[in-house]
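Number of protein chains: 2
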Amino acid sequence: MATRTIYFGRFISAPTPDDLLIQTGAVLVSSNDGRGIIEKTDWTVNGPSDALSKFGVEVPVVTAPDNGYFFPGFIDTHIHAPQYPNAGIFGKSTLLDWLTTYTFPLESSFGNTNSPMYADATTPPDPLARARAVYKRVIAQTLAQGTTTASYFATIHVEATNLLADIAFDKGQRAYIGRVCMDRPEMCPDYYRDESTEASIANSKASIDYCRKLDPSGDLLAHIITPRFAPSCLEETLKQLGTLANDEDLRVQTHISENVNEVKLVKELFPDRKSYTDVYDHAGLLTGKTILAHAVHMSKEELETIRERKSKISHCPASNSALGSGFCQVREMLDLGIEVGLGTDVSGGYSPSILDAVRNACIVSRHVGYLKGGDSRYNLGVAEGLWLATVGGAKVVSMEGRLGKFEEGMLWDVQEIVLGDVDAHGEGQDNGVDVFGWENWEDRVAKWVWNGDDRSVSRVWVGGRLVHQRV
Amino acid sequence: MATRTIYFGRFISAPTPDDLLIQTGAVLVSSNDGRGIIEKTDWTVNGPSDALSKFGVEVPVVTAPDNGYFFPGFIDTHIHAPQYPNAGIFGKSTLLDWLTTYTFPLESSFGNTNSPMYADATTPPDPLARARAVYKRVIAQTLAQGTTTASYFATIHVEATNLLADIAFDKGQRAYIGRVCMDRPEMCPDYYRDESTEASIANSKASIDYCRKLDPSGDLLAHIITPRFAPSCLEETLKQLGTLANDEDLRVQTHISENVNEVKLVKELFPDRKSYTDVYDHAGLLTGKTILAHAVHMSKEELETIRERKSKISHCPASNSALGSGFCQVREMLDLGIEVGLGTDVSGGYSPSILDAVRNACIVSRHVGYLKGGDSRYNLGVAEGLWLATVGGAKVVSMEGRLGKFEEGMLWDVQEIVLGDVDAHGEGQDNGVDVFGWENWEDRVAKWVWNGDDRSVSRVWVGGRLVHQRV
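Keeping their order, the protein sequence lines are chains A and B.
With full-length UniProt numbering applied, the first sequence corresponds to residues 1 to 471, in that order.
With full-length UniProt numbering applied, the second sequence corresponds to residues 1 to 471, in that order.
Source of the hints: derived by calculation from the structure; they are not laboratory data.
Everything numeric in this text was worked out from a predicted model, so none of it was measured.
It is possible that part of the hints are untrue.
Any copy, or any two copies together, can satisfy a pair, since identical chains are not distinguished.
Stated by the list, open to error - Only pairs whose alpha carbons sit at most 27 Å apart, straight line, appear in this in silico DSS-like list of lysine-lysine: (1) Lys372 with Lys264; (2) Lys405 with Lys92; (3) Lys267 with Lys239; (4) Lys300 with Lys372; (5) Lys213 with Lys267; (6) Lys136 with Lys310; (7) Lys239 with Lys136; (8) Lys310 with Lys289; (9) Lys274 with Lys405; (10) Lys92 with Lys54; (11) Lys274 with Lys136; (12) Lys300 with Lys213; (13) Lys310 with Lys213; (14) Lys310 with Lys92; (15) Lys239 with Lys205; (16) Lys264 with Lys40; (17) Lys213 with Lys92.
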């Protein structure tokens with residue numbers, strides 16, 4: 001038996017890269033087995049009772065306040081859940097030293113009592129207790145930022161990875177959970193790697209099974225095949241993961257061409273492959289459900305291969321800036337027809353907020369435009385940034401047509417945004433965004449993009465379920 | 001009669017660009033005529049009663065919580081107070097079209113009833129009421145962000161500028177208040193410009209007098225001579241402003257070489273001057289108390305002149321990125337011995353937070369380093385960013401030795417930072433920063449820099465006066 005709810009108020013979205021769509025009216029959401037879908041929309045509705053009468057139903061009406069709006073939930077196409085405690089901790093490192101200095105010690109502590117992080121422990125380490133605390137917090141905090149869908153890298157540990165799946169499922173975030181595969185002995189520390197190709201595949205299968213038991217539909221929760229990146233995996237492991245992804249029709253996520261030294265390293269480690277892209281392609285890992293994070297240093301030929309395979313790009317601008325990785329050529333990718341979404345890449349990226357990723361994508365695009373002689377064609381504006389964060393993200397996680405817009409048949413994965421009002425005496429609220437009253441709604445959305453944070457996110461729904469409410 | 005207070009707890013500061021200084025202990029602050037100065041420090045003190053006994057006094061003790069610390073107040077060396085309502089509103093513009101599209105209409109509304117912003121007004125415009133609301137909010141919000149000193153551009157209007165001085169003085173922020181001078185007819189809109197050189201000088205003098213009446217010492221509040229930028233001023237006006245600044249021993253602030261088209265324009269408008277820097281130098285505006293905002297496109301010769309004149313640079317990275325202005329060569333300037341501080345440049349910059357300016361300065365420096373072949377020498381790290389925001393800022397506003405460190409004789413312009421704690425169950429507080437407990441203090445400060453906001457700022461003092469307390 002379906003339950004229904006009407007949402008009434010202002011609906012803002014970015015269905016195309018060019019413009020915001022600002023509508024008022026109502027939508028009727030019908031939830032069946034916890035899958036809340038927009039059954040009808042009516043942009044002529046002018047109030048809650050008008051909504052009930054026009055839809056011809058007697059159901060609860062949820063109303064967005066006058067200084068707020070419904071906005072499609074954000075999609076974080078690349079985030080490392082266990083690295084959340086390191087957000088902001090990266091010093092002056094770049095990718096390869098950052099991994100060994102900050103990342104492997106922290107990740108290993110989710111399953112290995114011999115992790116360097118436990119070297120000075122005075123009580124026996126409890127890796128699962130740590131995993132539980134961190135994972136509960138990262139799911140709560142990303143939901144609080146309006147992230148309704150996230151594609152997570154976990155760690156190599158089956159138990160901790162399954163715990164992340166439990167917590168995401170319990171809190172109701174739409175999540176793709178990746179047990180990290182890394183087994184190339186010379187590239188992975190002794191204290192943190194899969195023992196062999198066989199162990200890598202078996203452990204990933206255990207996590208696949210676990211996710212399927214939690215959510216047989218795979219709609220809300222699914223495993224995603226996750227080789228860390230080419231240098232950390234044996235060639236045989238990459239190949240078997242490719243086969244597994246194709247056999248099981250699963251999503252794939254990995255990193256590609258983030259850093260110039262990494263690209264050189266891949267060339268050395270895989271002398272028979274003609275490019276970084278070719279390493280993955282040769283292993284069967286470039287599918288239409290593959291998410292490639294970063295893609296900063298790509299040849300035209302590589303981009304062409306990715307386009308042909310219909311693989312997707314997760315652009316992680318905050319991370320690329322923080323680690324000095326370089327400038328992702330987003331405009332070229334979009335022009336080629338490659339599908340691009342945004343990722344926070346916590347903790348290469350310092351923030352769990354996709355709104356922050358929108359800001360950084362806009363900033364980086366201006367740097368690119370400046371370097372191309374002040375060509376504004378490279379600029380990502382507010383609408384295009386938000387389009388990448390919602391519709392773009394939906395394409396990247398293979399949920400195109402189901403997420404990112406307020407249209408009939410779409411899932412109700414939505415955040416309610418409420419901005420701060422400054423009154424005539426200059427008094428306002430505790431909200432990063434100050435609206436004085438004369439701004440039009442395009443300008444208010446711009447203010448939200450540039451100064452908003454979790455304080456602007458008052459309620460969040462996933463599949464029609466209320467999963468976060470700001471107290 | 002002096003009043004005294006002891007502050008006890010953790011004191012963190014960035015007295016040098018290389019390292020954070022992390023101390024625990026106590027300082028004794030003595031306030032005389034509202035000028036609170038550090039009388040003594042003792043880094044052996046281990047508790048409030050120990051502090052009383054070691055200092056040999058009976059006075060109130062203010063204690064920072066375990067998960068917090070005292071940090072020197074931020075210095076915003078470049079912010080446009082009237083533009084605060086436009087924070088985040090800039091579209092895809094660059095400097096010159098941004099001025100005419102967004103900035104002049106808003107600024108003019110603080111004094112001109114014929115401002116384009118009032119074109120559709122249904123009730124009679126009240127420019128001063130608008131100025132009061134905006135200025136109250138901008139002072140409250142910058143204090144809430146930990147900004148204890150700010151160098152403000154106001155508008156051309158004497159009455160509204162004096163109101164900004166009133167509000168800053170009343171709320172207790174250390175502030176330099178600049179009435180904006182702009183009178184070149186072909187570069188300023190008819191609805192928003194000084195009538196003549198004479199009017200420009202007379203109006204600035206009126207504002208100078210007003211500020212001196214409010215604070216005869218000039219310690220907490222002072223006028224700052226403010227030609228908007230070379231293109232908007234007649235050459236004669238620049239010259240008379242230079243004379244005025246020198247005669248009255250006042251600070252000067254203006255913009256320089258922010259944008260390539262602006263630099264070209266200056267060349268056209270001032271054909272007899274050999275560079276943008278020379279325009280100001282020729283007018284006597286390059287003094288040891290001059291703040292030059294941006295300085296993105298500077299020749300070596302210009303930097304050399306600035307160094308010789310001991311003029312200062314306000315680096316505004318968020319603004320330069322948002323408006324696609326280019327990359328400021330901060331490392332070169334510091335290497336040359338030029339003094340540099342940070343500015344938010346609201347609303348070319350989208351955020352009123354100097355912590356955000358620290359983040360953007362770090363990010364831009366990595367872009368510069370990447371463009372120089374991955375040279376990490378260009379990297380600004382957390383300590384250097386914070387040093388720019390405090391000690392650097394103090395130099396830029398001619399308060400070196402009085403602001404920015406916890407040393408005897410320094411003014412007590414301080415923010416108390418409190419971070420969020422995540423407990424063993426993954427529950428935390430409503431604070432942008434999540435500390436899990438195992439992080440050392442360098443890492444906690446990094447977390448604050450990268451994810452902190454006004455929620456981390458629990459109390460703010462200026463000259464020993466409590467001017468903000470988070471509710």
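Query raised in the report: Which numbered hints turn out to be false for this structure?
Result: 5, 6, 7, 9, 10, 11, 12, 13, 14, 16, 17
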